[in-house]
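Enquirer: Spelled out, the chains give:
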Amino acid sequence: MTKTKDIQITDIHFEEFDEDLNKYIMINIGTDFSPHPGPRYKKQGDNSAEEFFESKLNDEFKKAKEMDKTIILDLDSVKHGYLASFVEEISGGLVRKYGINNVDEFKKYFRYKTERFKHLLDIFTDKINNQLKK
Amino acid sequence: MKKYPKTLKHKVFNRKRAFKRFKSRQKTKSKLKYRTKEAIFYSEEIERVKGKTDNYILVPEVFSIVDNPEKVIEFITEVRKYAKKGQSVFVDKSRIVKLEYDGILILLTLLVEFKEKGLIFSGSYPKNKKLRRKFRESGFFEILNSTNFQKRDMYEFPYKNKKNILIKSGTKLSPERVSKIISVITNGLFGYERESEGLNNTIGELITNTVDHAGNITKWWVSVDKDPKNVSYDVTIFDHGEGILKTIKKGQKKDFVDNFLQKFKGNQIKGDIELMRYIFDYRNKSSISSTNEDFRGNGLPTTNKNFKSNYYSDLYVISNNIYCDLKNNNFKKTISNLNGTLITFKIFKHNRFED
Numbered sequence: 000m001t002k003t004k005d006i007q008i009t010d011i012h013f014e015e016f017d018e019d020l021n022k023y024i025m026i027n028i029g030t031d032f033s034p035h036p037g038p039r040y041k042k043q044g045d046n047s048a049e050e051f052f053e054s055k056l057n058d059e060f061k062k063a064k065e066m067d068k069t070i071i072l073d074l075d076s077v078k079h080g081y082l083a084s085f086v087e088e089i090s091g092g093l094v095r096k097y098g099i100n101n102v103d104e105f106k107k108y109f110r111y112k113t114e115r116f117k118h119l120l121d122i123f124t125d126k127i128n129n130q131l132k133k
Numbered sequence: 000m001k002k003y004p005k006t007l008k009h010k011v012f013n014r015k016r017a018f019k020r021f022k023s024r025q026k027t028k029s030k031l032k033y034r035t036k037e038a039i040f041y042s043e044e045i046e047r048v049k050g051k052t053d054n055y056i057l058v059p060e061v062f063s064i065v066d067n068p069e070k071v072i073e074f075i076t077e078v079r080k081y082a083k084k085g086q087s088v089f090v091d092k093s094r095i096v097k098l099e100y101d102g103i104l105i106l107l108t109l110l111v112e113f114k115e116k117g118l119i120f121s122g123s124y125p126k127n128k129k130l131r132r133k134f135r136e137s138g139f140f141e142i143l144n145s146t147n148f149q150k151r152d153m154y155e156f157p158y159k160n161k162k163n164i165l166i167k168s169g170t171k172l173s174p175e176r177v178s179k180i181i182s183v184i185t186n187g188l189f190g191y192e193r194e195s196e197g198l199n200n201t202i203g204e205l206i207t208n209t210v211d212h213a214g215n216i217t218k219w220w221v222s223v224d225k226d227p228k229n230v231s232y233d234v235t236i237f238d239h240g241e242g243i244l245k246t247i248k249k250g251q252k253k254d255f256v257d258n259f260l261q262k263f264k265g266n267q268i269k270g271d272i273e274l275m276r277y278i279f280d281y282r283n284k285s286s287i288s289s290t291n292e293d294f295r296g297n298g299l300p301t302t303n304k305n306f307k308s309n310y311y312s313d314l315y316v317i318s319n320n321i322y323c324d325l326k327n328n329n330f331k332k333t334i335s336n337l338n339g340t341l342i343t344f345k346i347f348k349h350n351r352f353e354d
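Chains as they are written, first to last, in numbering that gives the first Met the number 0: chain A, 0 to 133; chain V, 0 to 354.
Be aware that one or more of the hints could be misleading.
[As the list claims (entries may be wrong)] BS3-like cross-link-like pairs, simulated, lysine-lysine; straight-line CA separation at most 25 angstroms:
| id | chain 1 | residue 1 | chain 2 | residue 2 |
| --- | --- | --- | --- | --- |
| 1 | A | LYS41 | V | LYS150 |
| 2 | A | LYS133 | V | LYS253 |
| 3 | V | LYS269 | V | LYS331 |
| 4 | V | LYS179 | A | LYS42 |
| 5 | V | LYS269 | V | LYS249 |
| 6 | V | LYS28 | V | LYS150 |
| 7 | A | LYS132 | V | LYS253 |
| 8 | V | LYS304 | A | LYS78 |
| 9 | V | LYS331 | A | LYS42 |
| 10 | A | LYS78 | V | LYS179 |
| 11 | V | LYS245 | A | LYS42 |
| 12 | V | LYS8 | A | LYS41 |
Since the hints were made in silico from the structure, they are not lab data.
Start from the sequences, fold in the hints, and give me the full structure.
Expert: What follows is the structure, given as structure tokens:
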């Protein structure tokens with residue numbers, strides 16, 4: 000049985016822009032969605048991850064697929080941070096939602112830009128790897 | 000025949016004396032009026048109890064679920080029993096000697112439950128002056144005496160004359176309101192706003208848990224209270240839902256829970272305690288959620304993780320018949336069963352903030 004390759008922090012942490020800016024689709028969660036991200040589902044409360052997917056990410060992912068671009072999720076402009084369930088949705092949830100099968104595919108479509116929430120990258124890799132192994 | 004002095008000197012003297020006596024009488028009268036009001040209030044209450052117009056319930060002397068869980072849970076159960084029956088109650092608070100903010104929050108949730116059902120929730124003041132003031136400041140009596148009380152999905156009760164103390168409730172999570180709570184706390188402690196990822200995460204996740212498991216009809220309640228010595232804030236999150244263990248046991252992960260409890264066969268108390276420990280252990284690879292989705296169940300372990308990361312201190316959780324003192328890692332069983340969950344912690348200046 001072959002062991003699935005695990006995603007690493009360096010695979011998902013976006014640090015520098017390439018010269019070709021057209022390769023990226025930038026989404027700043029704090030300014031493009033809400034400075035107060037909420038729970039997982041809409042029924043649980045305002046500014047949920049579900050709402051984020053519906054209002055923003057689904058369309059952008061379609062574009063990214065069609066135009067072969069990478070989505071950069073900028074995490075830093077939110078006020079107090081994220082709820083654990085929102086964190087799960089924007090990491091492991093991406094694998095479930097968009098049917099991503101392996102590490103390379105994830106790297107191709109998603110990266111996280113952050114200075115403030117670097118500690119979340121560890122959690123992201125965990126959640127993504129958990130979902131990829133299923 | 001009596002001789003009335005008619006000279007100017009006497010007239011001035013008489014007028015002055017009369018004015019002094021009038022003032023003195025007025026002063027005494029106002030005091031009397033006040034005393035009479037209190038006395039009338041008290042006697043009316045006693046009459047009501049004597050006449051048994053309501054169901055009489057005595058509030059425990061130590062009214063804090065953290066300090067006196069058994070009696071307080073019994074009290075909640077008894078009061079809610081009458082609410083379910085559609086009967087009014089008379090709650091005798093006169094003998095309270097210790098009243099913590101979790102106690103005020105509990106009374107407030109019960110009062111709102113009765114008001115929403117159109118039932119009378121009457122009662123007496125605590126005899127202790129300081130506690131009476133604490134009650135008055137909480138705004139409890141404004142709600143109690145409001146004639147046009149309207150049922151709402153969300154309530155907000157800022158404490159009277161105290162900007163730093165408030166009680167909020169709702170049926171859904173509003174992240175902006177959580178942010179406002181953090182702003183009140185940090186402004187109160189430091190005089191300016193600070194960020195707290197851990198507080199945001201914990202309060203948000205706990206409210207979401209209530210929304211998920213206590214149902215849309217049951218409200219979550221959050222009370223934020225400044226310590227009288229101005230050194231800390233008490234945050235209490237409460238709901239009258241089903242409680243953590245009950246929800247987990249009947250949830251879709253029932254098989255996992257049954258297998259877990261099987262190890263403690265013959266010792267249900269230990270089983271329940273260990274299950275609660277497991278639920279709060281953030282180091283577990285697989286979390287327990289009442290849903291069958293294994294990516295869920297982050298709320299309670301995160302609450303403990305944020306506590307260990309020093310975002311807050313003195314974390315207590317009381318739910319169903321388990322009392323958890325996470326500060327001392329002391330989990331114990333209570334005889335009485337709380338239908339719902341109460342989580343409380345303190346925030347000091349020395350706790351962790353992001354900037």
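Enquirer: Need the status of pair LYS269/V, LYS331/V: alpha-carbon distance at most 25 angstroms?
Expert: 9 angstroms, holds
Enquirer: Would the pair LYS179/V and LYS42/A pass a check requiring their Cα atoms to be no farther apart than 25 angstroms?
Expert: Within the cut-off at roughly 21 angstroms; holds.
Enquirer: Do the alpha carbons of LYS78/A and LYS179/V lie within 25 angstroms of each other, as the hint requires?
Expert: 11 angstroms, holds
Enquirer: Are the Cα atoms of LYS8/V and LYS41/A separated by 25 angstroms or less?
Expert: This hinted pair is violated, its Cα atoms lying about 86 angstroms apart.
Enquirer: Holds or violated: are the alpha carbons of LYS132/A and LYS253/V at most 25 angstroms from each other?
Expert: Holds, at roughly 24 angstroms.
Enquirer: Does LYS304/V pair with LYS78/A here, judged by a C-alpha cut-off of 25 angstroms?
Expert: It holds: about 21 angstroms lies between the C-alpha atoms, which stays within 25 angstroms.
Enquirer: Please work out if LYS331/V and LYS42/A have their alpha carbons no farther apart than 25 angstroms.
Expert: 34 angstroms, violated
Enquirer: Are LYS41/A and LYS150/V close enough, with their CA atoms no more than 25 angstroms apart?
Expert: Satisfied, since the Cα-Cα distance of roughly 23 angstroms is no more than 25 angstroms.
Enquirer: So if I understand the rule, the pair passes when the alpha-carbon distance is 25 angstroms or less; does LYS269/V with LYS249/V pass?
Expert: Judged against 25 angstroms, a Cα distance of about 19 angstroms means the pair holds.
Enquirer: Going straight from one Cα to the other, do LYS245/V and LYS42/A come out at no more than 25 angstroms?
Expert: Roughly 22 angstroms between the alpha carbons, so the hint for LYS245/V and LYS42/A holds.
Enquirer: Would the pair LYS28/V and LYS150/V pass a check requiring their Cα atoms to be no farther apart than 25 angstroms?
Expert: With a Cα-Cα distance of about 41 angstroms, the restraint between LYS28/V and LYS150/V is violated, given a limit of 25 angstroms.
Enquirer: Take the C-alpha atoms of LYS133/A and LYS253/V, compute the straight-line distance between them, and say whether it is at most 25 angstroms.
Expert: 21 angstroms, holds
When the structure is compared with the earlier hints, violations turn up for hints 6, 9, 12 and for no others.
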